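Model the full structure from these sequences, guided by the hints.
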Amino acid sequence: MPANLKDLKGRIKSVKSTQQITKAMKLVSTAKLGRAQSNVVQARPYSQGLSHMAGRLLEVLGESGQHPLLQANESKAVTVVVLSSERGLCGGYNANVSKQALRTIEELESSGHTVHVVCIGKKAFQVLSRKWGKGLVPRLASLEDALDAPSTLGGDKGLTLITTPFDKPTYDMAFRLARGFEALFEEQTIGKLVLVFSRFQSALTQVPSSETVLPIEPPVKAMGATAVEPIFEPSVKALVEAVLPRYLANRLYQALLEAVASEHGARMSAMDNATRNAKDLERKLQITYQRARQAAITTELIEIISGAEAL
Amino acid sequence: MADKQSGEVKLVVLTPTRKLVDVVCDEVYFPSTLGRLGILPGHAALVCQMGTGVLYFNHGGTTTFMSVSGGVADVKDNVVTLLVDVAEDAPSIDVSRAEKALQRAQLARSGRNVEADIATAGHDEARALARIEAATLHSGARKV
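From first to last, the protein sequence lines stand for chains A and B. Each residue of the first sequence is one higher than the one before, starting from 9 at the first, in the working numbering. Each residue of the second sequence is one higher than the one before, starting from 6 at the first, in the working numbering.
There may be inaccurate statements among the hints.
Said to hold, decoys possible - Each computed SDA-like pair below joins lysine to any residue, with the alpha-carbon atoms no more than 25 Å apart:
id: 1; chain 1: A; residue 1: Lys176; chain 2: B; residue 2: Val91
id: 2; chain 1: B; residue 1: Lys15; chain 2: A; residue 2: Ser55
id: 3; chain 1: B; residue 1: Lys24; chain 2: A; residue 2: Ala157
id: 4; chain 1: A; residue 1: Lys245; chain 2: B; residue 2: Arg41
id: 5; chain 1: B; residue 1: Lys81; chain 2: A; residue 2: Asp288
id: 6; chain 1: B; residue 1: Lys81; chain 2: A; residue 2: Val244
id: 7; chain 1: B; residue 1: Lys105; chain 2: A; residue 2: Phe174
id: 8; chain 1: A; residue 1: Lys245; chain 2: B; residue 2: Lys81
id: 9; chain 1: A; residue 1: Lys34; chain 2: A; residue 2: Ser55
id: 10; chain 1: B; residue 1: Lys24; chain 2: A; residue 2: Gly42
id: 11; chain 1: B; residue 1: Lys24; chain 2: A; residue 2: Asp288
id: 12; chain 1: B; residue 1: Lys81; chain 2: A; residue 2: Pro53
id: 13; chain 1: A; residue 1: Lys176; chain 2: A; residue 2: Lys142
id: 14; chain 1: A; residue 1: Lys34; chain 2: A; residue 2: Asp288
Keep in mind that the hints were calculated from the coordinates and are not lab data. Because the structure is a prediction, the values reported are computed rather than measured.
Following this line, the structure appears as structure tokens:
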């Protein structure tokens, strides 16, 4: 069976080259994951400090001066921001985020909300436009365009894809995006802002989750009574006004960072699996190939011997 | 002077992306919205809004300068925690770029008439000025 032998050889070669590619992709993701992970970790002290500060200030302020960002408003419109990746080949990452998004949207819609979905990363966008936003005309906008036209960020039932890549999120991006949502919330165009993204736990575990970021839920105050009331300058109210928008931007930024780290983690383990599978497959093919080769030789020998005997 | 034993202040500068500074120093000066504030050991607990300007602190006989902008400062038990939006270490400031940014901001301010735009341009201008000041201070021309 020489034709079969040739086929087998071809398959072995192709499996080998696939293995090489997946291995390279794994190495790249590992390097990127390292960076993304350290970004997440390095950003932590600030966000801890900020939420601690926000909690403290709100505690001092008490009920007397409620900030508009803290209060639920009348609007039934909700914006759901879904963070996914631009590229595939990262295992169940995008599928999990999309599933979580669909679940969240369904919940919101069944409780009478009008949902506007803003996708960052086109993978979830593709799924959502197929499964949820069938009749909708999706809007594509870069971050700048989206911020210039607030209707792309919420208010009606709609689907928007932000085309600006967020694979290296900067605080500036998060801050501007947060400002956009803040404005919509303050003018009561939207009553709620929900983030759907993959929480980064480790390279192997990413947990898709939904978080309501607007109205801002006051951070849990630090335990233990503050012994001495500090001096507040210029005033507690002004400080709260300065801190809350930053708190919101930071939540967004943290989510963006975690989403990126999750993506690389998911891709890394997916590519690791793929490499392992390819290795297994290669070994099996190799064995089949050897057997076929041996069989071919044996047949040939038998033919020669029986030919000689016949003489 | 009276409190020589506890003559140190711990300074932590945090930006949204990372922890920039974590040192023990003799004194810290930073810009608040109400003007420059100096923190010496034993300062009363204080929470204040930060402005745009130069942050500097002495430790081990050397002075480090940084340009900072926006955020909140928390002073408590000889620990100064600054949560700033933007901070740049003086040696890494590109003065020519800062000067260009300053010109751009000044031009923008004189050209605009919408109030919000003027505020933004004014903010940019202050930021550029702070960067230039930090860089000049760092390069030796101390005139604080």
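Hints versus structure:
1. Restraint check for Lys176/A and Val91/B: satisfied, since their Cα atoms lie roughly 18 Å apart, inside the 25 Å limit.
2. Annotation: proposed proximity of Lys15/B to Ser55/A holds, straight-line Cα distance about 19 Å (limit 25 Å).
3. About 35 Å separates the Cα atoms of Lys24/B and Ala157/A, which puts this hinted pair outside 25 Å; it is violated.
4. Of the supplied pair hints, the one linking Lys245/A and Arg41/B holds, its CA atoms being roughly 21 Å apart against a limit of 25 Å.
5. With a C-alpha separation of about 61 Å, the suggested pairing of Lys81/B with Asp288/A is violated against the 25 Å cut-off.
6. Between Lys81/B and Val244/A, the direct Cα distance comes to roughly 16 Å. Compliance with the 25 Å bound is thereby established for this hinted pair.
7. About 28 Å separates the Cα atoms of Lys105/B and Phe174/A, which puts this hinted pair outside 25 Å; it is violated.
8. Taking the CA atoms of Lys245/A and Lys81/B, the gap is about 20 Å. The hint holds against a cut of 25 Å.
9. The hinted pair formed by Lys34/A and Ser55/A fails the criterion: a straight-line CA distance of about 31 Å is larger than 25 Å.
10. Between the alpha carbons of Lys24/B and Gly42/A the distance comes to roughly 18 Å, so the proposed pair stays at or under 25 Å and holds.
11. Restraint check for Lys24/B and Asp288/A: the C-alpha separation of about 45 Å exceeds 25 Å, so the hint is violated.
12. Using a Cα cut-off of 25 Å, the hinted pair Lys81/B and Pro53/A holds, with the two alpha carbons roughly 17 Å apart.
13. The straight-line distance between the Cα atoms of Lys176/A and Lys142/A is roughly 31 Å, outside the 25 Å bound, and the hint therefore fails.
14. The hinted pair formed by Lys34/A and Asp288/A meets the criterion: a straight-line CA distance of about 17 Å does not exceed 25 Å.
Consistency with the previously given hints fails for numbers 3, 5, 7, 9, 11 and 13, ordered from lowest to highest.
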